[in-house]
Amino acid sequence: MEREPIIRVGILRSPRIIIALHGRYQTGGRQIEGVQHMQIRQGAITWQGAHYQELLFEPVDEHSFFELKEITIGLGFHWQQQEDQRFEGALQVIVADETLQAINRIGVESYLESAISSEMKATASPEFLKSHAVIFRNWLLSQLATNREEATLHQPENLPETGTTYIRWYDKQEHTLFDVCADDHCQRYQGITRILSAGARQAVAATRGEVLRYGAAICDARFSKCCGGALEEYATCWEDRSYPYLTGKRDWKLNSDFPDLRQEKEAERWIHSRPPAFCNVESDEILSRVLNRYDRQTAGFFRWQVEYTQAELAALVNSRTPVEVGDIINLVPLERGSSGRIIRLKIIGTLRTLIIGKELEIRRILSTSHLYSSAFTVSRTNFTGPLPGTFTLSGAGWGHGVGLCQIGAAVMGEESYSYNQILTHYYPGSHIEKMYE
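FYI, in the working numbering the residues of the sequence shown are 2 to 438.
These are computed hints drawn from the structure, not numbers from a lab.
Just so you know, nobody snuck in bad clues.
With a straight-line Cα cutoff of 30 Å, these simulated DSS-like cross-link-like pairs (lysine-lysine) come out: (1) 347 x 250; (2) 435 x 254; (3) 266 x 250.
Build out the structure end to end from the sequences listed, making use of the hints.
Written out as structure tokens, the structure reads:
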């Protein structure tokens with residue numbers, strides 16, 4: 002059986018890094034305490050009057066930790082903000098393309114204790130935290146074992162019948178200097194900044210070394226915040242391939258009355274209703290136990306609405322696409338996935354028609370940050386009178402909807418489902434297996 006791996010987490014990249022060491026560390030064979038800041042100068046790390054290409058600060062005892070100032074979290078999303086963060090383990094600082102890169106070296110299990118608390122609050126139910134411990138470990142170990150590309154892009158094509166097609170999807174980056182980054186791009190990790198409760202530690206300890214498998218393969222355990230009542234298939238959001246355990250189904254006890262949300266009329270009925278679902282919850286008591294402060298700022302995510310004037314929508318689209326569309330006349334869904342999320346959307350403008358996809362690219366183009374999801378319908382008003390037209394997007398869910406629905410899983414945990422039952426619900430056909438002691 003394998004040993005627990007040590008991973009490298011990319012925390013911060015900046016021309017200047019402000020560091021505070023708490024406790025005792027060693028670097029270059031000597032013990033030190035307290036570092037105020039480092040900066041890049043003439044292609045090298047400038048610190049204590051000397052120049053380095055790389056420095057490694059290793060803790061002398063288990064009580065030592067380091068603090069990094071002004072870390073940006075939620076990069077590119079509507080909750081983007083800066084905060085100071087604290088970390089256990091070793092700190093590596095290296096020169097990277099005329100900037101400094103701060104990397105945290107830490108064991109997988111310690112990483113998971115933090116990641117669970119950073120992604121969702123550690124005050125959630127024990128079974129919910131255990132399910133997260135397993136899928137976070139799955140994701141992390143699959144990152145170490147496989148290579149991913151930052152983005153797969155189908156270059157725009159000029160097609161006589163349809164105008165311009167712009168289909169793009171994003172996947173996790175194969176980082177060259179470290180294994181994973183610390184923000185939403187990979188998986189939220191904020192060290193010991195969040196309160197690491199006994200519940201989070203117990204969830205990791207109770208599932209130590211456990212991973213989710215389908216047959217002999219480690220599952221690609223995707224997850225999102227709220228599926229909106231229906232799970233999405235992998236190919237809707239990423240490359241055109243299928244995983245039997247990442248499939249469309251209802252986020253509910255029964256699946257027998259699940260409509261075909263690929264059909265436009267069915268999708269419209271679904272999105273404009275509030276069907277029974279594990280993630281259909283408005284209880285402040287439950288949400289306050291599972292969502293962190295910055296996630297609580299995102300309200301009404303099971304069903305939501307966004308309104309744009311023609312001018313606002315045109316400004317968004319024309320600034321975020323490679324071609325000029327002009328004034329927006331209409332938005333027409335061309336293809337939907339199993340949860341009703343749009344895969345291809347036609348934008349009809351006064352200058353040209355543009356077809357965009359996939360899921361995340363649609364969300365990115367139609368918002369100043371990201372729409373909650375691409376499961377939405379479009380209605381127009383004032384398009385026949387003298388007033389400028391208005392577009393209303395009515396949507397369902399928060400995130401891509403593939404795999405585990407975090408809000409739904411949290412409710413299942415509150416309703417006494419075991420973590421095994423939670424994982425089986427969101428990854429049908431999978432099983433849990435211990436990978437290391």
